[in-house]
Amino acid sequence: TSKYTLISRSSVPTGFIGFAGNKGGVGIRFRFYETDIRFINSHSASGDG
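Residues in the sequence shown are numbered from 1 upward in steps of one, following the working numbering.
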């Protein structure tokens, strides 16, 4: 069987009018054997967060 299962990804554009791809976030999730692993990255406007 595969060591990797439950692979999924998502992205959210939040740039100009929610359309431009210059701001937003992405995530990926997978299971390696019995461990859930998730990576999240985002790029916010200056001064946010």
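It is possible that part of the hints are untrue.
Claimed, not checked - Label-pair restraints from in silico Cβ distances:
(1) Lys3 x Ser46: 16 to 22 Å
(2) Phe39 x Ser2: 30 to 36 Å
(3) Asn41 x Phe16: 29 to 35 Å
(4) Ala45 x Ser2: 36 to 42 Å
(5) Ser42 x Ile17: 14 to 20 Å
(6) Glu34 x Ser10: 20 to 26 Å
(7) Asp36 x Val12: 17 to 23 Å
Since the hints were made in silico from the structure, they are not lab data.
Beta carbons are placed, not taken as given, at the ideal position from N, Cα and C, and that holds for glycine.
Outcome of the hint check:
With their beta carbons about 41 Å apart, Lys3 and Ser46 fall outside the hinted range of 16 to 22 Å. One distance hint, 30 to 36 Å for the beta-carbon pair Phe39 and Ser2, is violated here, with the actual separation near 19 Å. Taken as a hint, the range 29 to 35 Å is violated for the pair Asn41 and Phe16, whose Cβ atoms sit roughly 20 Å apart. At about 39 Å, the beta-carbon gap between Ala45 and Ser2 stays in the expected band of 36 to 42 Å.
Between Ser42 and Ile17, the C-beta spacing of about 18 Å keeps the proposed range 14 to 20 Å intact. With their beta carbons about 23 Å apart, Glu34 and Ser10 fall inside the hinted range of 20 to 26 Å. At about 20 Å, the beta-carbon gap between Asp36 and Val12 stays in the expected band of 17 to 23 Å.
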